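Just so you know, the protein sequences line up as chains A and B, in that order.
The first sequence lines up with residues 1 to 135 when you count with the working numbering.
The second sequence lines up with residues 136 to 363 when you count with the working numbering.
If you are wondering where the hints come from, they were derived from the structure by calculation, not from laboratory data.
Keep in mind that the hints are not guaranteed to be accurate.
What the hints assert, rightly or not - Calculated lysine to aspartate or glutamate pairs in the EDC-like style (CA-CA distance at most 20 angstroms, straight line):
{"hint": "1", "chain 1": "B", "residue 1": "K229", "chain 2": "B", "residue 2": "E263"}
{"hint": "2", "chain 1": "B", "residue 1": "K210", "chain 2": "B", "residue 2": "D249"}
{"hint": "3", "chain 1": "B", "residue 1": "K272", "chain 2": "B", "residue 2": "E291"}
{"hint": "4", "chain 1": "B", "residue 1": "K272", "chain 2": "B", "residue 2": "E318"}
{"hint": "5", "chain 1": "B", "residue 1": "K194", "chain 2": "A", "residue 2": "D54"}
{"hint": "6", "chain 1": "B", "residue 1": "K290", "chain 2": "B", "residue 2": "D249"}
{"hint": "7", "chain 1": "B", "residue 1": "K272", "chain 2": "B", "residue 2": "D167"}
{"hint": "8", "chain 1": "A", "residue 1": "K109", "chain 2": "B", "residue 2": "D195"}
{"hint": "9", "chain 1": "B", "residue 1": "K349", "chain 2": "A", "residue 2": "D32"}
{"hint": "10", "chain 1": "B", "residue 1": "K194", "chain 2": "B", "residue 2": "D181"}
{"hint": "11", "chain 1": "A", "residue 1": "K105", "chain 2": "B", "residue 2": "D191"}
{"hint": "12", "chain 1": "A", "residue 1": "K109", "chain 2": "B", "residue 2": "E176"}
{"hint": "13", "chain 1": "B", "residue 1": "K238", "chain 2": "B", "residue 2": "D249"}
{"hint": "14", "chain 1": "B", "residue 1": "K152", "chain 2": "B", "residue 2": "D202"}
{"hint": "15", "chain 1": "B", "residue 1": "K238", "chain 2": "A", "residue 2": "D54"}
{"hint": "16", "chain 1": "B", "residue 1": "K210", "chain 2": "A", "residue 2": "D75"}
{"hint": "17", "chain 1": "A", "residue 1": "K109", "chain 2": "B", "residue 2": "D191"}
{"hint": "18", "chain 1": "B", "residue 1": "K244", "chain 2": "A", "residue 2": "D112"}
{"hint": "19", "chain 1": "B", "residue 1": "K137", "chain 2": "B", "residue 2": "D179"}
{"hint": "20", "chain 1": "B", "residue 1": "K244", "chain 2": "A", "residue 2": "D32"}
{"hint": "21", "chain 1": "B", "residue 1": "K210", "chain 2": "B", "residue 2": "D167"}
{"hint": "22", "chain 1": "A", "residue 1": "K87", "chain 2": "A", "residue 2": "E114"}
{"hint": "23", "chain 1": "A", "residue 1": "K109", "chain 2": "A", "residue 2": "D54"}
{"hint": "24", "chain 1": "B", "residue 1": "K210", "chain 2": "A", "residue 2": "E114"}
{"hint": "25", "chain 1": "B", "residue 1": "K222", "chain 2": "A", "residue 2": "D106"}
{"hint": "26", "chain 1": "B", "residue 1": "K222", "chain 2": "B", "residue 2": "D202"}
{"hint": "27", "chain 1": "B", "residue 1": "K194", "chain 2": "A", "residue 2": "D106"}
{"hint": "28", "chain 1": "B", "residue 1": "K222", "chain 2": "A", "residue 2": "D112"}
{"hint": "29", "chain 1": "B", "residue 1": "K349", "chain 2": "B", "residue 2": "E265"}
{"hint": "30", "chain 1": "A", "residue 1": "K105", "chain 2": "B", "residue 2": "D186"}
{"hint": "31", "chain 1": "B", "residue 1": "K145", "chain 2": "B", "residue 2": "D195"}
{"hint": "32", "chain 1": "A", "residue 1": "K105", "chain 2": "B", "residue 2": "D195"}
All figures in this text were calculated on a predicted structure; none of them were measured in a lab.
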Amino acid sequence: MNIIIIGCGRLGSTLALELADAGYNIAVIDSDAKRLSALGSGFNGLAIKGIEYDNSILKQAGISRASFVISVTPDDNLNITASLIAKNIFKVPRVIAKINNPNKKDVFKVLDIETINPTELISYMIKSKIEGDPK
Amino acid sequence: MKSIIIGGGKIGFNLLKTLKDRGYNVTLFEIDENICRAIAEDIDSDIICGDGTSLDVLKDAGINGADIIAAVTGKDEENLVICQIAKRGFNIGKSIARINNPKNIPMFKALGVDQTVCSTEVIANLIEYEFDRDVCKIVQTFDRGAMILVEVAVKEGNKWINQYVKDLSLPSECVIVSILRDEKALFVRGDTQIKNGDNIHIITNRATVPEIKKQLHSGGAQNAKQKK
């Protein structure tokens with residue numbers, strides 16, 4: 001299965017390494033070559049430097065054959081743009097974006113983009129730890 | 136007509152000024168507080184300091200009743216998101232996006248942005264046109280370059296001089312509509328002869344202009360054959 005990861009920050013690089021180790025075909029795109037080097041020499045996949053939602057870059061990453069596009073840059077607008085292009089132009093079966101600013105949740109919803117909201121998840125986990133504390 | 140501008144850079148500022156002068160009801164969004172203040176000192180208009188890509192900010196500012204929205208920030212992804220929100224979230228009739236990188240134009244169009252304006256491309260075209268405007272002048276542009284009316288000045292040494300229009304081997308996507316000679320318009324037929332000093336008006340498109348220039352200077356393939 002081919003998976004494209006957009007954004008190679010902490011989340012993007014960790015995800016890329018784990019999925020590549022699990023045997024998936026991974027392509028990672030980031031506009032900053034430094035961040036791509038975080039993947040290290042052990043990364044068994046494609047690392048592409050370029051504008052994250054650029055047509056030719058996405059094609060180079062093999063978007064026409066991709067089953068998943070995961071957009072995890074720290075910029076919400078970039079995640080939305082990349083997701084819309086993957087979904088509506090390249091018809092990628094499943095597109096998931098990260099929400100950085102929880103206030104932007106509605107925008108993703110209006111534009112019908114599937115999301116992961118780390119802030120909400122983490123705060124929920126912390127809350128349940130506190131409430132689950134026997135003391 | 137109520138209009139909304141997002142982005143208070145040079146383009147946003149000047150657009151606000153122009154629209155205001157024409158009596159439009161305009162609201163400008165800018166995220167940077169200092170820039171907002173600077174604009175407010177210059178122009179008496181509705182300026183909202185906030186993120187133009189946020190639904191709540193747009194709602195509070197009354198985007199619902201707007202007829203037209205112009206996204207002119209320096210970031211293409213921001214402009215795209217704004218236009219998408221306007222269209223799908225608020226049903227605004229017309230959205231215009233500024234594009235900084237010409238490579239993004241086809242994708243913006245595919246995603247349904249009504250109008251795109253690419254400043255980089257416009258400037259590059261203008262400069263290119265300045266380089267050879269004494270030879271080939273664009274008189275009028277229709278539908279942003281899909282059809283243009285150009286005026287070609289025939290000068291000493293051009294291969295078209297003394298040729299009949301029917302003998303010219305022109306590219307298929309161009310029509311000679313008239314010739315201005317001694318301040319009189321000639322309506323061109325096949326047997327019209329081109330003279331030195333003529334101004335030829337041609338309907339064509341942007342892509343064909345370089346070909347026409349080449350023909351004018353080299354005389355085209357037909358002429359080359361005759362010489363042999």
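Enumerate the violated hints, using their earlier numbering and listing them in ascending order.
1, 5, 6, 7, 9, 12, 20, 23, 24, 31
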